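> Listed below, chain by chain, are the residues.
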Amino acid sequence: MTLPNPLDDSNTHRYIPNASADIAAMLKTIGVDSIERLFDTIPADVKLDRLLDLPGPWSEIESRRWFRGLAAKNKSAADHLSFLGAGAYLHYQPACIDQLLTRAEFLTSYTPYQPEVSQGTLQSIFEYQTHQCLLTGLDVANASLYDGSTALCEAVLLAQRVAKGRNTVIVAKSVHPQYVETLRTYVQNLGIEIVQAGWTNDGRVDTAALRAACTSDVFAIAVQSPNFLGVIEDYDAVVDVATGAGAVKIAVVCEATSLGIVTPPGAHGFDICVGEGQAWGIPTQFGGPYVGFMVVKDELKRHMPGRLVGETVDVDGKRAYVLTLATREQHIRRAKATSNICTNEALIALAANMYLSLMGKAGLREVGSQCLQKAAYLRKQLAAIASVSLPFSGPIYNELVVRTPYPAKEILMDLEHEKILGGIPLSDFFLGHDHDFLVAVTELHTKEQLDRYAAALTAAVARERR
Amino acid sequence: MTTVLEPEEVATSAKTAARGGLIFEHSNRGRRGYQLPPLDVPEDAEALPPSLTRGLIDEELEISEVGVIRHFTRLSKLNVSIDAGMYPLGSCTMKHNPRLNEEIARVPGFALSHPLQADHQVQGNLELLWNLEQALREILGMPAVTLQPVAGAHGELTGVLLIHRALARGGNPRKYVLIPDSAHGTNPASAAFAGYEIKELKSNARGNVDVETLANAVNEDVAALMITVPNTLGVFEPDIRKFADILHAKGAYLYCDGANLNSFVGMARPGDMGIDVIHSNLHKTFSTPHGGGGPGAGPVGVSAGLVPYLPTPRVERRADGTFYLEHHYPDSIGRMRAFNGNFGVLVRALTYIRSMGPTGLRRIAQLAVLNANYIRARLRGHYHLPYDAPTLHEVVFNDKKQQEHHVATLDIAKRLMDYGFHPPTIYFPLIVAGALMIEPTESEPKEELDAFCDAMIAIAAEAAERPELVRTAPHTTPVRRLDEARAARQPVLRWRKTR
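Protein sequence lines correspond, in order, to chains E and C.
To convert, count from 1 in the first sequence and add 6; that's our numbering.
To convert, count from 1 in the second sequence and add 592; that's our numbering.
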C-alpha cells in the first residue's frame, strides 16, 4: 500500500493547517529532508506500514447523516414521555447555560494551573464550592469528582485515612446499587470490607441492623437520601448509631435538587456529603459526563481528594483565586496522594454553578417543591389503581417504587407501546423484586402527563390480567 | 468636572470596578433568574413532614438572567483558550476542538437518552459505543477495549486493577509496580490505589530507561512496569519490545500510559510493541474539549490474556446485528463507575475519528511532530536543551541559560502571557530542573509557531537585558502574580456573607 505523501496538498485536512509550502519551509529549518525522518527513533519493526482500517475522512455532511441516523435508532425522552430516574433525572435546563458553556474561553481552556490567565475558571470553581457548602450545610467542597459513584468511593477512602486501623464500612443496601458495585471495585485490593444493612417496610434503612453491624472495626457508615427506593432517610437515627460507633458519617445524594427542600446532611451532623450533581440541569446523555461533588467538615479538608480553589490576592492586593492545598494531590505527593484524580468534570461543575446561580434560593426551593408535590400527586393516583400497590410507606421526594401483580418488564413494555418510558425494573438490581419498578417525577411533568401515566398503567394492569 | 481616562486606565478601571466580583455579590433582593410553570396539581401541605423540610438557603442568591449572563460572560473573558491561540502545555495535547463534535453530542436522541434504558431502546447508543471500541482497537492494535473509564487516571486505575486481578487468578498478585522517574504523578497514585507499592526506575542520560536497569529490577515480586511512550521528554523508548520480553519472561505486565499517543497515532500501534494495557485520553489525542479541567475519558485497551477481567457491562453484538450490554463476566474486576462512562465525550471522540479518517489520523502525528521539532530547531540556540535525544511531539527546554541572569522558568512562563500565549507546562518532568515542556500539536499553523518562537526569543533577550521586567511579569493580565502561600496558609475555600 502506498502511504499518503504529507507534501501532497490533496492530503491536507480542515483541522490541520500546515500545507506543503509550510512543511517544506519547516523541514528546511529543522534540517531534515522529510517528515518520516523525524520518526526514525521508532523502531522499524513496530512502525505501521499501512493506513489504519477505518472509515473516513468524513465531511460534516457525511458525519451528520450517519450520527443522526444512529440517534434516530434510540427511543428516548426526545420522543417519549419519560419517568426514568434512579440516579439520572430529566430536569429543566435553562437555555442560556449551554450557550454560555460553549464559549471558547470555558470550553477550550485547560486546568487552571496558570492563575493569571485562568481567573474565569478559578473564580467559577470557587463559586461552585460555595454553592455546594450552602446546599449541603457542610464546610468545604472540592472542585468536582467524576460522578456520584466515584465520589462515594473517594469518601470511603477519605474516611479510612482518618479512622486509622479500622477496615469495615457499612453501606445501606438502599444506596444506589451501581455506586456500591463501583465501591467494591475501588476497594478490592485495599483490605476494606463492605457490610450492607437492609431496609424496613417504610423503605428506610434498618437502624437495628445498622446497630448490630457496628463492630469496633467499622470506620464509616454511608446512607443515601432520598435513597434508591425514593424514600427520605431518617438522618438523625443514622447519625445516632454512627456516633455511638465512632464511625465517619457519609451521606450520599443522587437527586441533587432534593437539597432545595429536604433538610441537608450538614444540619444532621454528617461529616461528609457526596453525590451526583446531574440533576442540576445536566442532560442525562446515557450516563455522562455528570459531576460528582464532595463536601466535608472543616477538619477533614486536608484529607480531601481532588482540586481545591482558594482565595488570595495578587501583588497589587487585588482579590484573586488559585488552586491550593495541592500537597494532597498526585502531581506533588505521587503514591502518597489522597487520590489519583487529575482530570475532573470542570465544565459540568461550571454548568452546575450557572444553574444554581440562575435558579437562586427561590428557584431551588420551587423546583424541590414542584417535584415533591407532583410526585405526591402521582403517588395518590397510583395508589388508587386496583392491583397496584406502593410497597414502601416512608416519605418520598420525587421517586417511588410501584408494584403490580405482573412482571415489571411486561408492564413497562406495555407502557412503551404508549410512548411512555414508564420506569426502571428493580429486578435489575435486587433479587425478589420482579414485580417492582422505580418511577421518577420532576417539575417538567404536567398534571395531564401524570394522569396519562396513571391511565396507561391502569390499562396495562388490566391488559395483563386478561 | 469630568476626568478623561487614558485607554489603558479605562481598561484597568473596568476590570477593578464593582462589575467584577463573585456571583453572590450580584444578588439583589427580589430579583429572579428563572420561571417555572405554575404548579398544576393540588398542593398537599403534608407531602413532606416539617422535620424534613429545610428553611430557605440562608444566603443571598437572587440574580436576574441578565445578571447571570453578564457575570459568566465577564468571567469567560478572564481565561485564555485554544480558540484564541496556541496553548502549548506539554503532555496535555491542547489541540483544536471541532464544533461538529459539540453539535453531534447534543442531538436529542443521544442527549436525552437515559443510562438505565433497556437495550432495545438504545440501539443507536450501543452501536455508537461498539463502533468506537472497534476504532480504538484498530488504532491501538489491542484485541479489546473498555470505554468505561472517564479520565486518564481512572483508566490507569482500571488497567492496574486488571493486572492485579489476572496475577491474583494465577495465585500471586505480587507486590510492586515499576515506574520511571519521568512519569506523570497519576501513575504512582493509581498503582497505589490498586494495591501496589512503587519502585522508581532511574532514567538514563537520554531520558530513557536502560534495558539493564529494567532487567535488574524485574523479578517475581514485580507486577508491571508503567511507562509513558514516548516519555514525558517526548523521546520514544527504542527498547520497548525488549521491555515487553523482559517483563513477560518473569510473568509481569507492560502498562503504557497513552497520554502521548498523539505523537504516533496512525504511525505505530501499542499492540505491536508488546504492550499489555494502554489507556488513551480522548480529551488529548481525540480532541474532546478540556473544559477547564474536564470532562475527559480514558478508555483502556488490553492484550488477549486480560480480556476476561475487563469492567462490566460490556457492549456486544449479536449475529442479527443488534447490540446489548453483557453484565455476566464472572472474572471481571467489576464496574469502574455507575452507568456507561462519559458517553457524551465518547460521542465527540468517535465524531472526530470519523472526521479524520485513516489519512487524517496519520497526518495528526506527522504534523504534531513536525511542529514540535520546528520549535526545537528555532529555540535551541536561545534555551538550554537538557536532553538532546531526538524528540517527537514535544520538546523540553529549561532555564539554565536564563538563570545566569537570575531569571527562572516561572518568570519566562509568566512573561509569555504578556505576549499573548499560554505558557508551556513548567517544572515537569521532575527529572529536568526548571523544565519548560512545549507541545504545540498539529493544530498550529506555521505563523503561530513563529509568533510563539519570536516571543520566546524576545524573552530570552529580555532576560539578559531587562531581567526585572521578566521577573515581575505578567504585566498585562487581569491579575498579576498571586500570593499562593497565603492561599495555602490561611485557606479561604468558600465565599461568606460579610454582615
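Since the hints were made in silico from the structure, they are not lab data.
Be a bit skeptical, because a hint or two may be false.
To be verified - Okay, derived cross-link-like pairs now, EDC-like style, lysine to aspartate or glutamate, Cα gap no bigger than 16 angstroms in a straight line:
#1 C:K834 x E:D51
#2 E:K453 x C:D636
#3 E:K324 x C:E1076
#4 E:K34 x C:D1042
#5 E:K307 x E:D145
#6 E:K453 x C:D773
#7 E:K53 x C:E719
#8 E:K342 x C:E789
#9 E:K53 x C:D831
#10 E:K415 x C:E719
#11 E:K179 x E:D434
#12 E:K79 x C:E719
#13 C:K1038 x E:D28
#14 C:K794 x C:D773
#15 C:K1089 x C:E617
Predicted model only: the values in this text are computed from it and were never measured.
> Now look at each hint and say whether the structure bears it out.
Structure-based check of all given hints:
Restraint check for C:K834 and E:D51: the C-alpha separation of about 12 angstroms stays at or below 16 angstroms, so the hint holds. For the given pair, E:K453 sits about 14 angstroms from C:D636 by alpha-carbon distance, which is consistent with the 16 angstroms threshold. Between E:K324 and C:E1076 the alpha-carbon distance is near 13 angstroms, which keeps this suggested pair within the 16 angstroms criterion. At most 16 angstroms may separate the alpha-carbon atoms for a hinted pair to count; E:K34 and C:D1042 meet this at roughly 14 angstroms.
With a C-alpha separation of about 9 angstroms, the suggested pairing of E:K307 with E:D145 holds against the 16 angstroms cut-off. Restraint check: the Cα-Cα separation between E:K453 and C:D773 comes to about 63 angstroms, which exceeds 16 angstroms; the hinted pair is violated. A hinted pair counts as satisfied when its Cα atoms are at most 16 angstroms apart, and E:K53 with C:E719 does not qualify at roughly 31 angstroms. Among the hinted pairs, E:K342 with C:E789 is consistent with the structure: their alpha-carbon atoms are about 10 angstroms apart, no more than 16 angstroms.
At most 16 angstroms may separate the alpha-carbon atoms for a hinted pair to count; E:K53 and C:D831 meet this at roughly 13 angstroms. With a CA separation close to 23 angstroms, the supplied pair E:K415 and C:E719 exceeds the 16 angstroms bound. Distance restraint check for E:K179 and E:D434: the Cα-Cα separation of roughly 14 angstroms lies within the 16 angstroms cut-off, and the hinted pair is therefore satisfied. With a C-alpha separation of about 9 angstroms, the suggested pairing of E:K79 with C:E719 holds against the 16 angstroms cut-off.
Restraint check: the Cα-Cα separation between C:K1038 and E:D28 comes to about 6 angstroms, which is no more than 16 angstroms; the hinted pair holds. Using a Cα cut-off of 16 angstroms, the hinted pair C:K794 and C:D773 holds, with the two alpha carbons roughly 6 angstroms apart. Under the criterion of a C-alpha separation no larger than 16 angstroms, the hint pairing C:K1089 with C:E617 is consistent with the structure, at around 9 angstroms.
Comparing the model with each numbered hint stated earlier shows that hints 6, 7, 10 do not hold.
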